[in-house]
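Peer 1: Which chain is which? The protein sequence lines are A and B, in order.
Residue numbers for the first sequence follow this note's numbering, beginning at 2 and rising by one.
Residue numbers for the second sequence follow this note's numbering, beginning at 2 and rising by one.
Any given hint could be a false lead.
As the list claims (entries may be wrong) - Which residues of chain B face chain A? A partial, calculated answer using Cβ under 10 Å:
| no. | residue |
| --- | --- |
| 1 | 58 |
| 2 | 281 |
| 3 | 298 |
| 4 | 315 |
| 5 | 321 |
Keep in mind that the hints were calculated from the coordinates and are not lab data.
Just so it is clear, CB atoms sit at the ideal spot from N, CA and C, and this is done for glycine as well.
Number of protein chains: 2
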Amino acid sequence: MTDPAVGPAGPRRGRRSVDVPELVRGARSGDPRSVARLISLVEDASPLLREVAAALTPHTGGAQVVGVTGPPGVGKSTTTTALVAGFRAAGRRVGVLAVDPSSPFSGGALLGDRVRMGDHALDDGVYIRSMASRGHLGGLAWSTPQALRVLDAAGCDVVLVETVGVGQSELEVASLADTTLVLLAPGMGDGVQAAKAGILEVADVLVVNKADREGADRTVRELRAMLTLGHEQDGWRPPVCRTVASRESDTGVPELLAHVEEHRRWLVSSGEGQRRRTERATREIEAIAVAELRSRMGDLRGSTALASLAAEVLAGRTDPYRAADELVRQLGHASARMGP
Amino acid sequence: MTDPAVGPAGPRRGRRSVDVPELVRGARSGDPRSVARLISLVEDASPLLREVAAALTPHTGGAQVVGVTGPPGVGKSTTTTALVAGFRAAGRRVGVLAVDPSSPFSGGALLGDRVRMGDHALDDGVYIRSMASRGHLGGLAWSTPQALRVLDAAGCDVVLVETVGVGQSELEVASLADTTLVLLAPGMGDGVQAAKAGILEVADVLVVNKADREGADRTVRELRAMLTLGHEQDGWRPPVCRTVASRESDTGVPELLAHVEEHRRWLVSSGEGQRRRTERATREIEAIAVAELRSRMGDLRGSTALASLAAEVLAGRTDPYRAADELVRQLGHASARMGP
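Generate coordinates for the entire structure from the input sequences, incorporating the hints supplied.
Peer 2: See the structure below:
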């Protein structure tokens, strides 16, 4: 009893049954399943990637992307949780992307995330997604901007991206974020170390968390001193604030929220926000173009064209550079033919 | 007293004074200075790279490229030295590229290399070049094929490429070589380990060096057993030979040389040599083409075209994928315009 419409193996799961416009409508109206489904599609480099991106892009640009970074153990996850509570109290819709493999938000299942996220798991205004444990094509650097786009289009006012450290090759959160929060803790990240690690340069707001611990005053003082020495762009000097974020405490978190909001306004008024987003879009376009060219080059593998170029080089009739010029020319013609 | 022809800073050194055709003539007639100069030019990604490659390529293809690889401490350099002696005794011209940073051939100055190379340093039929200590654009993976081309065109019958380990990301010697010798020593690289490391797959000839040590018999036995299990291509089953290569001994080296020669003949008769060289040329052409496309993309940075694509994405009028298609199209048109 084979149904010819679905083939002998029975109805195919996945691609066939995905209705992208419907998912986008669902996401925009606040359906968490649609949001989760769209993120899965873009994470897995689904063949629908392009369709999803095209459907989402017109609805993006509304979210403030806030990077939360700092060394392991500094309290990124508790701070993120406290920020979510603060944004929710102000009526904002919030997304969280946990890119740090050591984050308690990470570890795979959305259900697991929800359990760990505790307070916010059943709140309709919060989406939480762990990225770190998934294996996908191109890694986190590829899939995080895609997931951001989903949350942005789904109407999040703020998306918090929690990542480990600065200077990770995997993902430089500062290059994704509108506003980058760098968290330090007394005794572990003193000012000089932070400066050496390049942390001060990427920070829009510096947070000394666990500020009830010994040494907090010194860390704050050192950071302020180093910031005085330089690093002011168009009127924004990164503030240093003190927090004690934990399940029991949100000391300093309201001030931190105020700094994040102040930075958002500065991004708009100074034009820096537009500059950062342009830079981000430029990099994404370039990355996709490089991937596309590589894939076309891969398609040429085993083609007569490339084989005959290699043969010409082996015969000494041309050299690899001229052969490469010719290859680029052929790729160019191929893309010109695909033109509108 | 400024000479207008050379500018106020006096005669420019370098580029102006390089006569590529003259250097190529010099190298082909056996002048070691010309060979060294050409290698320096290609290593440093000189603007003359293309001219050098074009001048050399017609004279290449004569050399058998023999990779010598294996874990540190296995005796790669003494074995290489013994092989050089053997090839010289047979009247062959030999080049050596030492890519292993721990090799005694490495460490910078050609003079230093010569001192360490001892016996062969003053022999006109041997070129020795250390690659590992130089910092150049694109790294060893880029400059080693270039240096190989110089030695090939200079009339070397054999070029020995000595590298550390297999599976290095820096340079996979097997992908460069016509014939790959994998060296192991008793007790350090037993058969199972070698199989796990993927060493057996790339080996054309397996060498158990330091074969006077305890455990050599077992290592040879294990390797032969594993080779019996599979791994025979078109009539070539990698032989396992035993050597004791040192300043005082060349036990087993004549047999090793015979295997290398036998493999060379098999490469020709089976067509595998041509297949490997085609694969190598293909990869080099692709690598140059990718570098060229990346550079053109870099040139577009800050251009009106890319900026306006980014602006379209930000405005939600297009998505990054369609923008990337457009970018590729523009690169394609640029290359089409550069056509012959």
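Peer 1: Each hint needs a verdict: does it hold in this structure or not?
Peer 2: Going down the list of hints, with the structure as the test:
no.: 1; hint: 58; verdict: 4 Å, holds
no.: 2; hint: 281; verdict: 8 Å, holds
no.: 3; hint: 298; verdict: 6 Å, holds
no.: 4; hint: 315; verdict: 6 Å, holds
no.: 5; hint: 321; verdict: 5 Å, holds
The structure shown violates none of the earlier numbered hints.
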